[in-house]
Amino acid sequence: MVLSVRDLVTLLHGIGFGALFLLAFSGAIGVIYATAAGSEIWSSSSIHNKMFRFYLLSMAGFAWLAVLSGTYIVYPWYRAVPPPGTTDLSHYPQKLLLSNPMTAGWHELGMEWKEHVSWFTPIVMTMVAYVFITYGPQLARHRQMRNAVLGFTAAAFISTFVGGFFGAMLNTRAPTGGGPEIVLMGHK
Amino acid sequence: MDAAPEDEGVGLLPNGPGAAAILGAAIGSLALGVFSFAGDTWPGMRRAFIFWDPSGPLSGESTLAVGVWLLAWGVLSLLWRSRNVRLARINRISFAMLVAGFLLTFPPFVDMLQGQ
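Sequence lines, in order, name chains A and B. FYI, the working numbering numbers position 87 of the first sequence as 87, with every residue one higher than the one before it. Just add 188 to the spot in the second sequence (first one is 1) and you have the working numbering.
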């Protein structure tokens, strides 16, 4: 059982950072709402509040890691240009998709949208973390700010979902494989 | 912009820093959409956005959008750090910017604007 370095990095980008981040969304929306409801357990000095600050900062950190690893590690593998005369495009995902009219849309819609829309998430989640850390339980009294934070968090969820969905679909159609291989398990 | 008293209680932090963060994120999001659209529409812009060749124009579009976001956030924070502002209006403007930025990254919408 082997895994290439590119497979591993792509997994880390998509599942390690992206999917973990996506899973954390429901918790973030629930707790921002609960905090803003003014419950005593969310006072600014409570352990719950401190933990949730860490939770939001971690989410923002995962979002940055996902877009930076995607833009500067995985995407260059995806858009690599094959040498002239190359007929096997399996290590050139973008060119592989564009070589067939039945798969070109995955690049023209999927990757073209994913590569940009994903960048909304770290910007928005950094703002959300900042606002929560600054205001904490006071969001219960700044209702318009709480509503904006919840709305932006929902928007970040949508952009992450778009990025994750197309990332998964693109990787099934044209995986960014290749490079050195890591043997996970030998043949018995 | 539209600073106005909106006192919501004693001991309450002013809403200016939060409003600056919200509007700053919205400006950064719109900038991302505008740069994405510009790179897709004009070949000269596309070339100008290539800050790092392996990632192509995305490297410049995303870097500049992050720069615009941080700059906008920083300037607004300085202006509003101890003020209360009309957050309802800023929220409406921010969501409009967010939606516009989102649409400008959506290829069918971009194609429509380009008349394709």
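Hints in this document: simulated from the structure, not taken from any laboratory. Be aware that one or more of the hints could be misleading.
[Unchecked claim] Now the in silico label distances, taken between C-beta atoms and shown as ranges:
#1 B/Gly199 / A/Lys50: 38 to 44 Å
#2 A/Thr86 / B/Val263: 28 to 34 Å
#3 B/Arg234 / A/Ile158: 53 to 59 Å
[Said to hold, decoys possible] These stretches of chain A come out as covered by chain B in the derived footprint (C-beta under 8 Å, 3 or more residues):
#4 49-60
#5 65-76
#6 128-136
#7 148-156
A quick note: this is a predicted structure, and the numbers were derived from the prediction, not measured. Yeah, the Cβ is synthetic: ideal placement off N, Cα and C, and Gly gets one too.
Evaluated hints:
1. B/Gly199 / A/Lys50: 38 to 44 Å: Violated: the Cβ-Cβ distance is about 21 Å, outside 38 to 44 Å.
2. A/Thr86 / B/Val263: 28 to 34 Å: Given about 49 Å between the Cβ atoms, the range is violated.
3. B/Arg234 / A/Ile158: 53 to 59 Å: violated (27 Å)
4. 49-60: violated (count 0)
5. 65-76: This one holds; 5 residues, not fewer than the three required, reach chain B with a Cβ under 8 Å.
6. 128-136: holds (count 4)
7. 148-156: Coverage by chain B holds for the region 148-156 of chain A (5 residues, Cβ < 8 Å).
Checked against the numbered hints given earlier, this structure breaks hints 1, 2, 3, 4; the rest are met.
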